[in-house]
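Starting from the known structure of chain A, arrange chains B and C on it as the hints suggest.
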Amino acid sequence: MTTTLPAPGAALKVARRRSLKPTLVIGLVLLLVLLLAAIFPRLFTPYSPTDFDYTAILKGPTLKHPFGTDNFGRDVFSRVIHGTRIDLQIAVFTTLFPFIFGTLLGALTAFRGRWADAVVGRIADLVVVFPFLVLVIAIVAVLGPGLNNMYIAVSAVGWVSYWRLTRGEVLSQKKAEYAQAAQVLGYSPARVLLRHLLPNAVTPAIVYLMTDMSLGILLGASLGYLGLGAQPPTPEWGVMVADGKNFMVTAWWISTFPGLALTLAGVTFSLIGDGLADALRPRS
Amino acid sequence: MHSSYVIRRLLQIIPLFLAVMVLIFVLVHLIPGDPVSAQLGDRATPDIVARANRELGLDKPLPVQFALFVNQTLHGNLGESINLKVPVMRLVAERLPVTLFLTTYAAVLGVLMAVPLAVLAAVRRNTWVDGLIRGAFQFGLSLPVFYVALQLLSLLGARLGWFPIGGYGEGFGGHLYALFLPALALGLNLAAILLRTLRSSVIEVLSAEYVEFARAKGLRTRVIMTRHVLRNAMIGTVTLLGLNIGALIGGAVITETVFAIPGVGRLMVDAIFGRDYPVVQGLTLVFAMLVSLVFLATDLLHARLDPRAEVA
Amino acid sequence: MMVMGTTQTTMTSPSSPLLSVRDLNVRIPTPGGELHAVRGVSFDVAPGEVLGLVGESGSGKSVTLRALLGLHRAPIKMSGEVHYGGANLLSMPDRALRSVRGGQISMIFQEPMTALNPVLSVGEQITENLREHRNLKGKAAQDRAAELLDLTGIPSPRARLADYPHQFSGGMRQRAMIAIALASEPKLLLADEPTTALDVTIQDQILRLLLKLVGELHMSVILVTHDLGVVAQTCDRVAVMYGGRLMETAGVGELFARPKHAYTHGLLGSLPGSGSHSSNHRRPLTPIPGGPPDLRALPQGCTFAPRCTYATGECRFSEPPLVEVAPGHASACLHHDRLSVLEVSV
Numbered sequence: 001m002t003t004t005l006p007a008p009g010a011a012l013k014v015a016r017r018r019s020l021k022p023t024l025v026i027g028l029v030l031l032l033v034l035l036l037a038a039i040f041p042r043l044f045t046p047y048s049p050t051d052f053d054y055t056a057i058l059k060g061p062t063l064k065h066p067f068g069t070d071n072f073g074r075d076v077f078s079r080v081i082h083g084t085r086i087d088l089q090i091a092v093f094t095t096l097f098p099f100i101f102g103t104l105l106g107a108l109t110a111f112r113g114r115w116a117d118a119v120v121g122r123i124a125d126l127v128v129v130f131p132f133l134v135l136v137i138a139i140v141a142v143l144g145p146g147l148n149n150m151y152i153a154v155s156a157v158g159w160v161s162y163w164r165l166t167r168g169e170v171l172s173q174k175k176a177e178y179a180q181a182a183q184v185l186g187y188s189p190a191r192v193l194l195r196h197l198l199p200n201a202v203t204p205a206i207v208y209l210m211t212d213m214s215l216g217i218l219l220g221a222s223l224g225y226l227g228l229g230a231q232p233p234t235p236e237w238g239v240m241v242a243d244g245k246n247f248m249v250t251a252w253w254i255s256t257f258p259g260l261a262l263t264l265a266g267v268t269f270s271l272i273g274d275g276l277a278d279a280l281r282p283r284s
Numbered sequence: 285m286h287s288s289y290v291i292r293r294l295l296q297i298i299p300l301f302l303a304v305m306v307l308i309f310v311l312v313h314l315i316p317g318d319p320v321s322a323q324l325g326d327r328a329t330p331d332i333v334a335r336a337n338r339e340l341g342l343d344k345p346l347p348v349q350f351a352l353f354v355n356q357t358l359h360g361n362l363g364e365s366i367n368l369k370v371p372v373m374r375l376v377a378e379r380l381p382v383t384l385f386l387t388t389y390a391a392v393l394g395v396l397m398a399v400p401l402a403v404l405a406a407v408r409r410n411t412w413v414d415g416l417i418r419g420a421f422q423f424g425l426s427l428p429v430f431y432v433a434l435q436l437l438s439l440l441g442a443r444l445g446w447f448p449i450g451g452y453g454e455g456f457g458g459h460l461y462a463l464f465l466p467a468l469a470l471g472l473n474l475a476a477i478l479l480r481t482l483r484s485s486v487i488e489v490l491s492a493e494y495v496e497f498a499r500a501k502g503l504r505t506r507v508i509m510t511r512h513v514l515r516n517a518m519i520g521t522v523t524l525l526g527l528n529i530g531a532l533i534g535g536a537v538i539t540e541t542v543f544a545i546p547g548v549g550r551l552m553v554d555a556i557f558g559r560d561y562p563v564v565q566g567l568t569l570v571f572a573m574l575v576s577l578v579f580l581a582t583d584l585l586h587a588r589l590d591p592r593a594e595v596a
Numbered sequence: 597m598m599v600m601g602t603t604q605t606t607m608t609s610p611s612s613p614l615l616s617v618r619d620l621n622v623r624i625p626t627p628g629g630e631l632h633a634v635r636g637v638s639f640d641v642a643p644g645e646v647l648g649l650v651g652e653s654g655s656g657k658s659v660t661l662r663a664l665l666g667l668h669r670a671p672i673k674m675s676g677e678v679h680y681g682g683a684n685l686l687s688m689p690d691r692a693l694r695s696v697r698g699g700q701i702s703m704i705f706q707e708p709m710t711a712l713n714p715v716l717s718v719g720e721q722i723t724e725n726l727r728e729h730r731n732l733k734g735k736a737a738q739d740r741a742a743e744l745l746d747l748t749g750i751p752s753p754r755a756r757l758a759d760y761p762h763q764f765s766g767g768m769r770q771r772a773m774i775a776i777a778l779a780s781e782p783k784l785l786l787a788d789e790p791t792t793a794l795d796v797t798i799q800d801q802i803l804r805l806l807l808k809l810v811g812e813l814h815m816s817v818i819l820v821t822h823d824l825g826v827v828a829q830t831c832d833r834v835a836v837m838y839g840g841r842l843m844e845t846a847g848v849g850e851l852f853a854r855p856k857h858a859y860t861h862g863l864l865g866s867l868p869g870s871g872s873h874s875s876n877h878r879r880p881l882t883p884i885p886g887g888p889p890d891l892r893a894l895p896q897g898c899t900f901a902p903r904c905t906y907a908t909g910e911c912r913f914s915e916p917p918l919v920e921v922a923p924g925h926a927s928a929c930l931h932h933d934r935l936s937v938l939e940v941s942v
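Protein chains in written order, with the working numbering: chain A, 1 to 284; chain B, 285 to 596; chain C, 597 to 942.
What the hints contain is simulated information worked out from the structure, not anything from laboratory work. Treat the numbers as computed from the prediction; the structure is a model and nothing was measured. Heads up, a few of these hints could be off.
Stated by the list, open to error - Here are some chain B residues pointing at chain A (derived, C-beta under 7 Å):
#1 Leu-311
#2 Ser-426
#3 Pro-428
#4 Phe-430
#5 Val-537
All C-beta atoms, glycine included, are put in the ideal place defined by N, C-alpha and C.
Isolated chain A, as found in the complex:
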């Protein structure tokens, strides 16, 4: 009996082309896990993240306390899970305003440039000579420690990257034929900008948003560690690493697990960013 078989490579090739990049899939799955932990922390945790238990102080990882307990007898696992909500909130609030403001400003200055473009450009030049972390902690120093002040500080600085990206993109899109055609057709400038230029130019900013969320979490945790971000006893991962820093030799788990959670969250967003960059990049 003879049946014609398709060439072995053919089916595979089609399947591969249709499927998403593995980086994006892994990133999205991890994000789902993080979101579940952030929205329904109590599903996973038997203990309160803040209640002291003086009968179980500095206990190593056991079945009862998979990540051990800290010097107040708090369950580290529960604290890590509850920390997800705060650190994801940090990821969003350190990037949302810079993304919106920077992108719109970039589109506007590139579209109706002249002096506005020059002025914003000088301000951007000025902002970038301050090391990001130094400027943020200097602003936090002025406003006082805490999450809200940290968001203000990061927003004051973080828009520059989005402004640059979007400005560059709009400038090159402006030269594209469809934009010129839209102008020739007599569409209002606002319509050309909002309906034609911005949607096409915003892609790099969206990709960068993911990377920036990863950086935002790391920055928020760094400030938390230094004592300038979230304040104890908030179960923020950076704060938790700082809580355990004096117990690194005797009770390594207090700092180690929150740090791993932090890394996991960072990897999640950078994988999504990479995957999006691959998926959204025009085929060459």
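For chains B and C alone, kept in the frame of chain A given last:
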């Protein structure tokens, strides 16, 4: 390199420094309420506050205060630390070398890690070696500096006792030894930042036709790699390194705090908690000037390394 | 001509050849399947001879040229033999191969802007050759480098040694590349479309320069081009490539006067000015209707058959071998004697 280019580039620094001073001045005057009473807390009686304000020149109109600030700064006077009772400039002079040592050390370690691995990943691109290197560094990019520093400190410092758990050490060798772990933590972070861009630039250079021409000339692989490939890839590295000086300084602030290193980064954090505003102000200014000088040096070095840059 | 024997008939030059290529194959793996870019190519180059390797883009001529020096890197696979000086370059140890590369056989590329390293001065790029192959260093190397630039017609050569490639004009850059390639006084020069990237007037100057240097230095040249005008002007012998194979080889006059392959015939027929004397030879090939074959999925039989007006069922049955059809004239065409006579003046 044309000297006119150097001069033009140097002149551009002046308005930038002025703008930096404006920004810092504005920032400091945004402090809600009265800085002096905030500082003194319970001890603030109206008398004391008024006297302190007068001493600091805070009773004068803002433009006058700014002029005074600029004048002082130009004379190398960054004010006096409220808590330590010494001129901020002296603190900077004492502690900046420590931070410069740490950041340079970290940059060297970072480049020593990133360049060979980037070349390896580029030469073996799309193999498991490449995948492993890229995966490891993607992971490394998500590792916070303070966390890596803390883990290195507890493992190689406290547990195994191979390295000191803090301090600066004595003499050049002592500094190298004492700062190894912090520089490694910072260098790993820098290497992770550099790797991806370096890898793609080495790939680009490797597939350039001048490398093919060099092979057709019968040159040895070592000569091709050092003379033709690395020399071109170095141009990108220098620029990338310069652009990341801010991240390096931010990382230094964190590692100095973790390792209790007496540099300006730790001084900054201490000053913030001690509400020592003159120190915060002075250090912010120093950091900004440092970054703009590094940007300048990068530009000049780039022009030296890349003959094409001269024309532009 | 239906002999299915295994003997490869190749062009043999009267004297013993300088370079002798036998059954050269190059396979390039691609995501869409393996690309068999060069398929069983064999030819000889005599001392002092200028051999033209012509074909459309994608015919495998540049890939062949690079394979002669073993320049292809993994995962590209090369097989066959390239005999030079009594040894096979493709099975030579790296060290020995390097002394041939650039030392005995030099290569120049199409686009000097990209083939010259932008961050090394022209002088450095010449002297690194002299150091490697002539053991010249320092002052002696500098002097020789200036001589070479002078030889290729670059004015005030000593001053220009310190210049970088971007400071040269297009024609000057190509002259500099020739100077670099000639630094080691090679016996054979491989030239990959050396004039394609240049203006027409500069093209002529560079070709004349090459011919002059060939005479002065007693070199052989393999000149890869898609320009039949260039071939007519410079070459002694021509090898026509199509679909990774040699289709026809002959002396240049013979080939233009009596093409023995339907493909060559088509090329010459489409050449502007065929049938009458043309003052301008320098025209690219006007393509014959249809496109070059997909080297990943070659048709059975002659690769040119799908585009050929002479093709018969026989042509589609198996690929015709390259056989001698007249003294010094080989063709891989079953219908070489059916081709109508062209009147192409060269």
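Now for the hints, and whether the structure bears them out:
no.: 1; hint: Leu-311; result: holds (6 Å)
no.: 2; hint: Ser-426; result: holds (3 Å)
no.: 3; hint: Pro-428; result: holds (5 Å)
no.: 4; hint: Phe-430; result: holds (5 Å)
no.: 5; hint: Val-537; result: holds (6 Å)
The structure meets every hint from the earlier list without exception.
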